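Enquirer: Here is what each chain is made of, one letter per residue.
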Amino acid sequence: MSELAVFIADDEAPARARLRELLEDIAQQLPSRVVGEAANGFEAIERVPESGAQVLLLDIQMPGMGGLEVARHLARLQQAPAVVFVTAHDRHAVEAFELNALDYLLKPVRAERLGAALRKAMAAGATAAAPLERAADKAREYLSAAERNRIQLVPLRDVLYFKAELKYVTLRTREREHLIEESLVALEREFADGFVRIHRNCLVSKAAIRGFERAADEDDEPRWLVVLDGLEERLPVSRRQWPTVRDLIAER
Amino acid sequence: MASIRQNVYPDVLPDFRNLGVIARILVGVNVLALAAAVYAAPAWSQALAEFVGGAAFLEPLLLASLVLLYALAPMLARLPYWWGCAAVLGLVSLLAAGAYAIWPGSADPGAPGLARTVVLAAVVVTLLLGYLRLLAKAHSPALAEARLQALQARIRPHFLFNSLNAVLALIRRDPKRAERTLEDLADLFRTLVSDGRKFVRLADEIALLERYASIEQLRLGDRLRVVWELDSAPPDALLPPLLLQPLLENAIYHGVEPGTGTGEVLVRIEQRGGRVLARVENPYFPEHQHRAGNRMALANIGERLQLFFDAEGRVETGVQGERYVVQVELPYRSREAGRG
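Protein sequences appear in the order of chains A and B.
Residue numbers for the first sequence follow my numbering, beginning at 1 and rising by one.
Residue numbers for the second sequence follow my numbering, beginning at 253 and rising by one.
None of these hints come from the bench; they were simulated from the model.
Just so you know, these numbers come straight off a predicted model, no measurement behind them.
Each hint should be verified, as a subset may be incorrect.
Distance windows between CB atoms, simulated [unchecked claim]:
no.	chain 1	residue 1	chain 2	residue 2	range
1	A	A130	B	V479	43 to 49 Å
2	A	L179	B	R547	39 to 45 Å
3	B	G573	A	Y168	41 to 47 Å
4	A	P155	B	R547	37 to 43 Å
5	B	E481	A	Q79	48 to 54 Å
6	A	A130	B	L387	39 to 45 Å
7	A	T244	B	L387	52 to 58 Å
Output of the computed footprint for chain A on chain B, the stretches with three or more beta carbons under 8 Å from beta carbons of chain A [said to hold, decoys possible]:
no.	region
8	319-327
9	484-496
10	505-513
Ideal Cβ positions, reconstructed from N, Cα and C, are used throughout, including at glycine.
The task is simple: from the sequences and hints, build the whole structure.
Expert: Next up, the structure:
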């Protein structure tokens, strides 16, 4: 039986040490190898892809980026690890989080529970994105694109607009474009606070809107274009969305 | 358990050094005097003149009574309740008699006379003592008991489970430190289940803060730096138990845990005149302030301060630059001063 590659992400050093000890304790029944550790969410995003981890033991409450968001980004990897969440929350909070559909361990972790969770995770394989999305307690602060074997994070506050193409969604920042595999509908729902739909295929950041320009169209119907902060490109507003967009900006 | 202790709250004399009590006496007496003036005056328009006329006698007597009661408060507090009431009644009546004797207006033909003045003063004192007793009752036994128990500081389960986890990690590598940490945890929980209605000494609360900080230090390592400024903290000051611990817990939970770098928490406790000031500062993460519990813990501390110190306790919060600051202010009281 080959060793199971385990990655440990927890912001508290004693908690990581404890998990290592427990993995050693159950090595007889379940041989494993710790292939990496991270003390916060960003480190996990950076190190997990290259570590070849099969299972990720992931603390939910971490500084920078919480475990739930980390798992959502890592789920984009081609060889995404199975995630077992570890939390000091009580059972009540776990239910509120809808973690039940996911694998989780309560701190302090017991050796038997750890063994059972690892076996279950191995059998089930990579954690699916859908239950992770359901368990998310708040909108992500980053968007991610998987590029080869790494995760590229784009802070949400840098995003100027999302535009749906044929198969992908293009995400535009001041500097460049990224292709992300998400649906515009889901993005609109998740980021309703900061983004507004201006067209069937386009969501723009409310904070980035600088103003509007009248389009010189052949039609007699007037058309409006959105001017975004620091971007040459003008984005058309659909007739249907125009009243919503206009009112929104008038309110500021 | 509480139901069999029907009589643990004997009546106590109002604290004549408490700002709230003093304010209530001032307002109460003047409202009575105003009512009397309205009653005595032949018309509405003369009521004010009547009141002002009476005030020339009333106000000096009122102030003198308050000063006397303020001075004698520790002694009065040591008497049994009814004796205390009798003493207050006697003192104020004597003062009234003395004031009447030296009052130039007592020679007027329309003056009320010594006996009436003293009886009136005694009636007012009795009314006020009765009012303050009812007020204390409304705030105190059943109601305040329930409120205090509900308000008694609770430590987050998050902290408990993470701490136990940290101790488990220590047992094999550093058994001595594991022992110390469990002892610290035990002390913390002993205070937590103790009687939240009894005052503790500031020195004990500070020891508790230090134990709490050392447990957090174990979990967070280099990420937590606590700076203590306690040199001028009066060790014998009395305060409700676990009044300050939630401030430190909040500071770490909201100000250190969300950061990936080192977070510095400042704890400064000092005495300024008759006040004790406790200040806790932590790095400010605006996006994490909404984490549940902060407002609740502060409201909780505010209410406990009010229950214990009435108008004399205060909790204030604010953001100063990149630091989040909480300041608690309470009157300096020690066991030697009589109350507690």
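Enquirer: So which of those numbered hints doesn't the model satisfy?
Expert: Checked against the structure, the hints that fail are numbers 4, 6, 8, 9, while the rest are satisfied.
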